[in-house]
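Q: Per UniProt numbering, the sequence shown starts with residue 1, numbered consecutively.
Note that these hints are calculated values from the structure, not bench results.
Among the clues, some could well be false.
Claimed, not checked - Here are the computed distance ranges between Cβ atoms for each label pair:
1. Pro-184 with Val-237: 36 to 44 angstroms
2. Ala-211 with Trp-231: 18 to 26 angstroms
3. Ala-99 with Pro-15: 38 to 46 angstroms
4. Asp-191 with Arg-119: 19 to 27 angstroms
5. Arg-110 with Ala-236: 26 to 34 angstroms
6. Pro-234 with Arg-151: 18 to 26 angstroms
The structure displayed is predicted, hence computed values, not measured ones.
Cβ coordinates follow ideal geometry from the N, Cα and C atoms, glycine included.
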Amino acid sequence: MNLIDLFFPPHVIWPWWMAVLTLAVLLWYRRGVQCLGFHVNPVPRVRRVWTYAGILIGFLAVIPPIDSVADALYVVHMLQHFLLEMITPFCLAVGVPLAPLVAGMPDRIRHQVFVPMIRNRKVQGLYRFLIHPVTAALLFAGVCGFWLLPRPFDATVRSGAIDDLCHLTLLIVGLFFWWMVLDPRNRRTKDYLLHFLILMILMNFFIVVAAYITLTGQDLYSVYNLTSPAWGLPEAVDQQLGGLLLWIPGSLIHVL
C-alpha cells in the first residue's frame, strides 16, 4: 500500500465534513483568544498549545489512516480509543478552552442562548452531577469498559453509525473526567486526595481489563480473525498488542 492509499483509502469515503468541523472549531477558538487578548487578559501560550494539540489529536484519531486501519487491526483501534478517551480530553482539560470558546461566540448566541442556558438551575444541577468525582469516574470507567466488551467492540467495526457513537461517548466522558481531575478550582487538600484515590482505582481497573485482554489466550474480537492476518499480524498477537497499549500507556497517563 502506498502513502496516498494509506491516507486516502480507495474504499473509504474521506470525512471531509470532519476537516471542515475541526477547522471551524480552530477558527472559533482563535477568535475567542483574540477577543480575550483585546478586552480582558490574554490566554497564556501554553494553554493555547495544549488546546490546539487536543483538537488536532482528536481530528487525527477519526480520519485515515488511523480510522481506516482501525477496522483491520485491533491494536490500531485501541490506539484510536486511547487518543479519544485519554489524550484528547487530557490536552483540552489542561488547555482550559472554555473561556476563549465563549468569547468567540457571536454576541447574539452568547447573550441569548449560552448565558440563559448556564444560568438555568436544571442545567447547573446536571453539570454538578456530571462533574462530581464519583459520577465522572463511574461514567468514564463504565463507558470505556462497555466499548471494550467483544460484542459492542465488534459492532463498531461493522457499523459506521455505532463507531461514531462510540467515538462521541468516549470523548464526552473523557472530557468530563479529565476536567474533574484537572479543574484548577479544585485546590483543596481533600480534593487532591479524592482525585488521587479515584485515579488509582481507575488505573487498577484498566490494568485488570488490559491484563485479561493480553493474557487470556482467547480470540475475544472475532471481527479481526481475517483482517489481522491480512496485514501480516496474527490475530492473537494483534489482540495482545492492543491489550498492552491499554495496559502500559493507559496506566501511565493516570500516574501523570
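Q: All hints, please: hold or fail.
A: Taking the hints in turn, this is what the structure says about them:
A C-beta distance of roughly 43 angstroms is found between Pro-184 and Val-237, which places it inside the suggested range of 36 to 44 angstroms. Separation of Ala-211 from Trp-231 is about 25 angstroms and conforms to the stated range, judged on CB atoms against 18 to 26 angstroms. Distance hint check for Ala-99 and Pro-15: the Cβ-Cβ separation is about 29 angstroms, which falls outside the suggested range of 38 to 46 angstroms. Separated by about 25 angstroms at the C-beta atoms, Asp-191 and Arg-119 satisfy the suggested range of 19 to 27 angstroms.
Range check, Arg-110 to Ala-236: about 53 angstroms between beta-carbon atoms, so the 26 to 34 angstroms window is missed. A beta carbon spacing of about 22 angstroms between Pro-234 and Arg-151 agrees with the range 18 to 26 angstroms that was offered as a hint.
Of the hints listed earlier, those the structure fails to meet are numbers 3, 5, in rising order.
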